[in-house]
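Q: Chains A and B are the protein sequences, given in the same order.
Under the UniProt record's numbering, the first sequence has 69 at position 69, and the numbering climbs by one with no breaks.
Under the UniProt record's numbering, the second sequence has 76 at position 76, and the numbering climbs by one with no breaks.
Simulated from the structure, these hints should not be mistaken for lab results.
As the structure is a computational prediction, the values presented were derived from the model and not from experiment.
Be a bit skeptical, because a hint or two may be false.
Each pair may be met inside one copy or between any two copies, as identical chains are not told apart.
Capping the alpha-carbon separation at 20 Å, the derived lysine to any residue pairs in SDA-like fashion look like this [to be verified]: (1) Lys2 <-> Cys26; (2) Lys2 <-> Asp27; (3) Lys2 <-> Asn74; (4) Lys2 <-> Thr31; (5) Lys50 <-> Glu128; (6) Lys153 <-> Glu128; (7) Lys50 <-> Asp98; (8) Lys50 <-> Leu64; (9) Lys2 <-> Tyr34; (10) Lys50 <-> Arg166; (11) Lys2 <-> Cys29; (12) Lys2 <-> Ser28; (13) Lys50 <-> Arg93; (14) Lys50 <-> Val25; (15) Lys153 <-> Gly70; (16) Lys153 <-> Asp137; (17) Lys153 <-> Ser12.
Protein chains: 2
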Amino acid sequence: MKYCSACGAPVSRRIPSGDNRHRYVCDSCGTIHYENPRMVVGCLPEWHDKVLLCRRAIEPRYGLWTLPAGFMENGETTAEGALRETLEEAGARVEIVDLYSLINVPDIDQVYLLFRARLLDLDFAPGEESLEVALFDEHDLPWEQLAFRTVRKTLEHYFEDRRRGRFPLHFDDLDRRS
Amino acid sequence: MKYCSACGAPVSRRIPSGDNRHRYVCDSCGTIHYENPRMVVGCLPEWHDKVLLCRRAIEPRYGLWTLPAGFMENGETTAEGALRETLEEAGARVEIVDLYSLINVPDIDQVYLLFRARLLDLDFAPGEESLEVALFDEHDLPWEQLAFRTVRKTLEHYFEDRRRGRFPLHFDDLDRRS
Ligand SMILES: [Zn+2]
Ligand SMILES: [Zn+2]
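Model the full assembly from the supplied sequences, consistent with the hints where possible.
A: See below:
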């Protein structure tokens, strides 16, 4: 951020009075530009003993496999966002079962909210952001070609939980790398 | 948003190619300025049969009672944010028990994440954003002077759950008013 979105003047990075964090502050109109974490919402679509994954057609992690998920948009609920991303990326219609995985990724200011979901039919097809969409069971899943640590962790929980026959909500914080 | 934060030129509101939503797009450098929902994180601090509330010293809802909560900041986890807000607004040290309430407020692009928490001592005191901080049981709680629907809903769940002796995570979507 270099310029004020309210007045177009340059911003500087400083601690506003009464605050204790560095913010972008407009030198001209005084607007403080707060920045907050974003939510990534998505689904873990199930079909019998398989789960649906998408192979990414975009950066980052082009060509790697992921669960259908993306940034939550204004005006929607977390579940609505998860359904939208699943339809957009995988062309897949699902019914949400439950929130399954809440993962903090403080290094990149993201919080993942992934829902367990039941795939309603097999008429899925890659959207513009996916190269392919496919169903995998635990053993043929491309574990070495997963796009994100959040996705790996959620899938690890999932197959462990399947053996136990119960699917509690999992909370994870990804390690800070810095 | 009127000006591009990357280059300072005016922005216009339109649907970028390949997208299906209106965004602020820079007419000069082409930057698309996405806007996403924010998380409000906070605690429901318990002390025996009482809960801690703060009376707001700021707008909106000046003078009304609320749970200690505020916008999650970059670089922190949801639980860290909830602890920070509880310390800032109520001067209260708590230990988080569990996530208790996840409430979508799509009308104002917010998601509330409220944690049940155990108050560690009684040395709390209002922070700059609070007029007073106090403990209430169900019957003396200022039900008619609560600041937010999210807080009311969470407190209603809480006292009902206390009677049942179990505290599952509650999901709510506040009605769209428009
Ligand atoms: Zn300005
Ligand atoms: Zn620009």
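Q: If a hint holds in the structure, say so; if it does not, say that too.
A: Outcome of the hint check:
1. Lys2 <-> Cys26: Cα proximity of Lys2 and Cys26: in one copy and across copies (9 Å, 14 Å).
2. Lys2 <-> Asp27: both (11 Å within a copy, 16 Å between copies)
3. Lys2 <-> Asn74: Answer is between: at 18 Å across copies they meet the 20 Å cutoff, but 24 Å inside does not.
4. Lys2 <-> Thr31: both (13 Å within a copy, 13 Å between copies)
5. Lys50 <-> Glu128: neither (23 Å within a copy, 52 Å between copies)
6. Lys153 <-> Glu128: neither (26 Å within a copy, 40 Å between copies)
7. Lys50 <-> Asp98: within (17 Å within a copy, 31 Å between copies)
8. Lys50 <-> Leu64: within (18 Å within a copy, 50 Å between copies)
9. Lys2 <-> Tyr34: both (14 Å within a copy, 16 Å between copies)
10. Lys50 <-> Arg166: within (16 Å within a copy, 33 Å between copies)
11. Lys2 <-> Cys29: Result: close both inside a copy and across copies, 14 Å intra and 13 Å inter.
12. Lys2 <-> Ser28: Close inside one copy (13 Å) and across copies (15 Å); limit 20 Å.
13. Lys50 <-> Arg93: Intra 15 Å, inter 45 Å, cutoff 20 Å: intra-copy only.
14. Lys50 <-> Val25: Answer is neither: 50 Å inside a copy and 41 Å across each miss the 20 Å cutoff.
15. Lys153 <-> Gly70: The answer is within: 17 Å in one copy meets 20 Å, while 28 Å across copies does not.
16. Lys153 <-> Asp137: within (16 Å within a copy, 40 Å between copies)
17. Lys153 <-> Ser12: neither (38 Å within a copy, 40 Å between copies)
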